[in-house]
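Peer 1: These protein sequences, in sequence, are chains Z and V.
This note's numbering applies: residue 1 is where the first sequence begins, and numbers increase by one.
This note's numbering applies: residue 1001 is where the second sequence begins, and numbers increase by one.
These are computed hints drawn from the structure, not numbers from a lab.
Just to be clear, a hint being listed does not mean it is correct.
List of simulated lysine-lysine pairs, DSS-like, C-alpha gap at most 30 angstroms [as the list claims (entries may be wrong)]:
1) Lys-1045(V) to Lys-114(Z)
2) Lys-1251(V) to Lys-114(Z)
3) Lys-1011(V) to Lys-1211(V)
4) Lys-1040(V) to Lys-122(Z)
5) Lys-1251(V) to Lys-1211(V)
6) Lys-33(Z) to Lys-114(Z)
7) Lys-114(Z) to Lys-1037(V)
8) Lys-1251(V) to Lys-1273(V)
9) Lys-1211(V) to Lys-1273(V)
10) Lys-122(Z) to Lys-33(Z)
11) Lys-81(Z) to Lys-1011(V)
12) Lys-122(Z) to Lys-1037(V)
13) Lys-114(Z) to Lys-1211(V)
14) Lys-1045(V) to Lys-1273(V)
15) Lys-1040(V) to Lys-1273(V)
16) Lys-1045(V) to Lys-122(Z)
17) Lys-1037(V) to Lys-33(Z)
The following label-pair restraints were derived from C-beta to C-beta distances [to be verified]:
18) Pro-1290(V) to Leu-27(Z): 28 to 38 angstroms
19) Leu-27(Z) to Pro-1042(V): 27 to 37 angstroms
20) Trp-1036(V) to Asn-66(Z): 30 to 40 angstroms
21) Leu-30(Z) to Leu-1025(V): 44 to 54 angstroms
22) Ala-76(Z) to Lys-1251(V): 23 to 33 angstroms
23) Ser-1185(V) to Gln-64(Z): 33 to 43 angstroms
Please read all numbers here as calculations on a predicted model, not as lab measurements.
Ideal Cβ positions, reconstructed from N, Cα and C, are used throughout, including at glycine.
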Amino acid sequence: MSAPFDYWIPAAVLTALALLATIRLSLPSLIGKPVGGVLGVLTHPVWLFPFIFGIAVAVGLMIQGNLSPWPLAARADFAAKWGMWAGVAGFLLVLLVDIWLIWTPSMIARRFAKPESREAIKVLPLFNVVFGLVFLAIVLFVWR
Amino acid sequence: MDQAFVEQLVKWLEIYGFGGAVLLLFVLCAEMLMRWKEGKSPWSKEGLDSLLLFFTVGPFIETLFINGLLIAGLSPFYALTPLRIEVTWWTLPLYFLAGEFAFYWFHRVGHELRLCWADHSIHHSASTYDFTVNLRFSPFQALYRLPLWAPLVLLGFNPLVLVLMATTVPAFQTFCHTTRIGRLSPWFEWLFVSPCNHGVHHACNPLYLDKNYGGLLMIWDHVFGTYQRMEDDVPPVFGITHPLETSNPIKVILHEFIPLFRDFRAAPTLGQKFGVLFGRPGETFELPRPVASGLKAGEADMVVEPAE
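This is chain V alone, in the form it adopts within the complex (with noise of 0.2 angstroms):
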């Protein structure tokens, strides 16, 4: 291992976040520009909230404080393998794959697992689709990519440069969470998340749940089949299938995990408590939850009803 070598991408990647900073406040004050010209208060009520969690538990707390943790959680997995991938100039395509799986996984696990949708639901509960939802940080998810990354570390590769290539890529989705921006050239909505495709996950009609969980590649999407594409015949309703109606950031961090421990105490048997923590959303058992009142009329089916 070229620790010299493994130092100088570190810093690489941390002056990366430096840019990726100034190209987020270009397309946050765009965001501000375009929604003016709409005639429009410049900040939406939904993006005051999204500014408010990223100053919570945004850039210090989830990029440094838990991405430290992270790595310092998985560095006795690495201890414990024999296995090396050495981090060089020519292994750095293979650590961005990994880079690119660890993410689609954790990405994949945040929707598919109640407990971890719980947290990450968090990003997704804005009922807009513009660039502050870039700020709508989950404070959580060090917590499930620790188990999900392990397995990658075993098999030899750096956790510091695997947690900073995971971490670091999909900053990318940064500038695709537009509606303004129709489908680019169809080789790139194919290759790379774009705002089309990118909006496909954020959406909760039941054709686009659970889709396209790219960083900046959708090609674990396309081999594990999540890919789907934005259909003509489908506008997106963007959101979650049990809608906010709080601004409250507290509210908003603690929105799914209210709903999980009252299920998971109401549950009667324990295989059904189990199913609350790590069954899908909307096919565990749930206590009904109220219809939220602000739905517009054909969203109310999209709620999803108890399962059991």
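Here chain Z stands alone, though its shape is the one from the complex (with noise of 0.2 angstroms):
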């Protein structure tokens, strides 16, 4: 008899794909840069739509004490209740969040910023990884 399929494979492999659109959108030196072909696609934005949801809900688990903000830590708790593959998923998702937490976001403001605000948005980068650091410090010595 074979094994069930292990649906935590096609969330892990999209998980893996968001995260790559993340360090696409991530990565100042790729602001006004087509990236083209099988990297292309491979990095492409459409796939973090599932996460329009799937962030905010990931913050909110940290915020309950329910999803440890440490990747690690993630990959350990979902392996053990649901599988190898849950793991992965669970890692690459937290790694994923995390970077939109600290990172991401400013450098979407500046790569589609207006000439007229970008001298006003120079100030993100540093203002997101402050608050991103201060939010995941809160969730792991405070809270939990």
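Starting from the two chains in their separate frames, assemble the complex, guided by the hints.
Peer 2: See below:
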């Protein structure tokens, strides 16, 4: 008898693609440079669509103490509950959310800023890092 | 109906709300910081008004009390119908689309019926378009959501899940209330609410009036012909056609109800009285309104004059 299909495998693949898209959006050196071909498909922002909800849900779970902001802890927790592929998906999800909390929004703002707003938006990367780290520190060391 | 699944889904949507609140805090802090960098006061006067409106009608009255009443109001319709659309993982995309559909029509009616516009115009009354506009809640939305969403419930959509989908998913708009971001990728602008196309929605230029009602997706705007892209040669003028000159939250909440009541009383015929309530703003019987002294040159011609 064949083993039942593990739905965590497509979840892990989708999260990996979303992570690639996040990295593409997060690298300042790629601002204004088109990415084509297979790499363009693999890193296309459309992979982030499910994470419009997923990121907010993950942040909510972190606040409730049900998801560790530390990717390795999330991997261990998911793997213990639902198996190896769940661990991979959990690791990638938390890594993705952490990058979004700490860095990506400011890079997206920089990438798409109107010329007249570029000067003001220069303060965002530092703010993004501070806000993200403070949030993660509170979750890790205060609420837990 | 899998009651356990519905309860689980409600829990997840609550968690989404918690996460969304952190992201709202992020954009509000970012707004303050960028204003400071631009040499302005971290909070604009309008931003403070919006904050006041948020704490008076925002998260508790609107999110908990009003939506609770709305779900309670829709439940009898659900009991009436023999139709059922199961709430499972496989039907969630359908619920998502139905939620977007429900949001689209509630939002459209909020703009195109004067009685509902009196409420929804509160959200649009800021002449600035920044992240603080998120805080400008409209307190009476549930009253017109109820009759508009009842047909969907009669079709078998679970009222609890429908209301949660239609009210939480459009929270994505939180990130769209800004003029600092330009046009995003064309496919994104076409499919999703973005700072640019939601900016169109908040503008009072004749070209942009009553456009782009979508919550997260723009698909229902494409279907019903209300999509409008931001044109490079038509810069948006944000706010409403009868600009507010007050920061008093009571006056902000009542600013369209008072002329509505006055016009209803003054309308000479029953048909015109009906039109005042259910006609399109700017096209019903209206007594002349004073043009706000704060209007900039070129904006005065945007004030809609009485049609009758």
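Peer 1: Against each hint, give a clear statement of whether it holds in the structure.
Peer 2: Here is what the structure says about each hint:
| no. | hint | result |
| --- | --- | --- |
| 1 | Lys-1045(V) to Lys-114(Z) | 24 angstroms, holds |
| 2 | Lys-1251(V) to Lys-114(Z) | 34 angstroms, violated |
| 3 | Lys-1011(V) to Lys-1211(V) | 34 angstroms, violated |
| 4 | Lys-1040(V) to Lys-122(Z) | 16 angstroms, holds |
| 5 | Lys-1251(V) to Lys-1211(V) | 26 angstroms, holds |
| 6 | Lys-33(Z) to Lys-114(Z) | 17 angstroms, holds |
| 7 | Lys-114(Z) to Lys-1037(V) | 15 angstroms, holds |
| 8 | Lys-1251(V) to Lys-1273(V) | 23 angstroms, holds |
| 9 | Lys-1211(V) to Lys-1273(V) | 26 angstroms, holds |
| 10 | Lys-122(Z) to Lys-33(Z) | 19 angstroms, holds |
| 11 | Lys-81(Z) to Lys-1011(V) | 20 angstroms, holds |
| 12 | Lys-122(Z) to Lys-1037(V) | 9 angstroms, holds |
| 13 | Lys-114(Z) to Lys-1211(V) | 23 angstroms, holds |
| 14 | Lys-1045(V) to Lys-1273(V) | 36 angstroms, violated |
| 15 | Lys-1040(V) to Lys-1273(V) | 45 angstroms, violated |
| 16 | Lys-1045(V) to Lys-122(Z) | 24 angstroms, holds |
| 17 | Lys-1037(V) to Lys-33(Z) | 28 angstroms, holds |
| 18 | Pro-1290(V) to Leu-27(Z): 28 to 38 angstroms | 54 angstroms, violated |
| 19 | Leu-27(Z) to Pro-1042(V): 27 to 37 angstroms | 30 angstroms, holds |
| 20 | Trp-1036(V) to Asn-66(Z): 30 to 40 angstroms | 36 angstroms, holds |
| 21 | Leu-30(Z) to Leu-1025(V): 44 to 54 angstroms | 28 angstroms, violated |
| 22 | Ala-76(Z) to Lys-1251(V): 23 to 33 angstroms | 56 angstroms, violated |
| 23 | Ser-1185(V) to Gln-64(Z): 33 to 43 angstroms | 34 angstroms, holds |
Checked against the numbered hints given earlier, this structure breaks hints 2, 3, 14, 15, 18, 21, 22; the rest are met.
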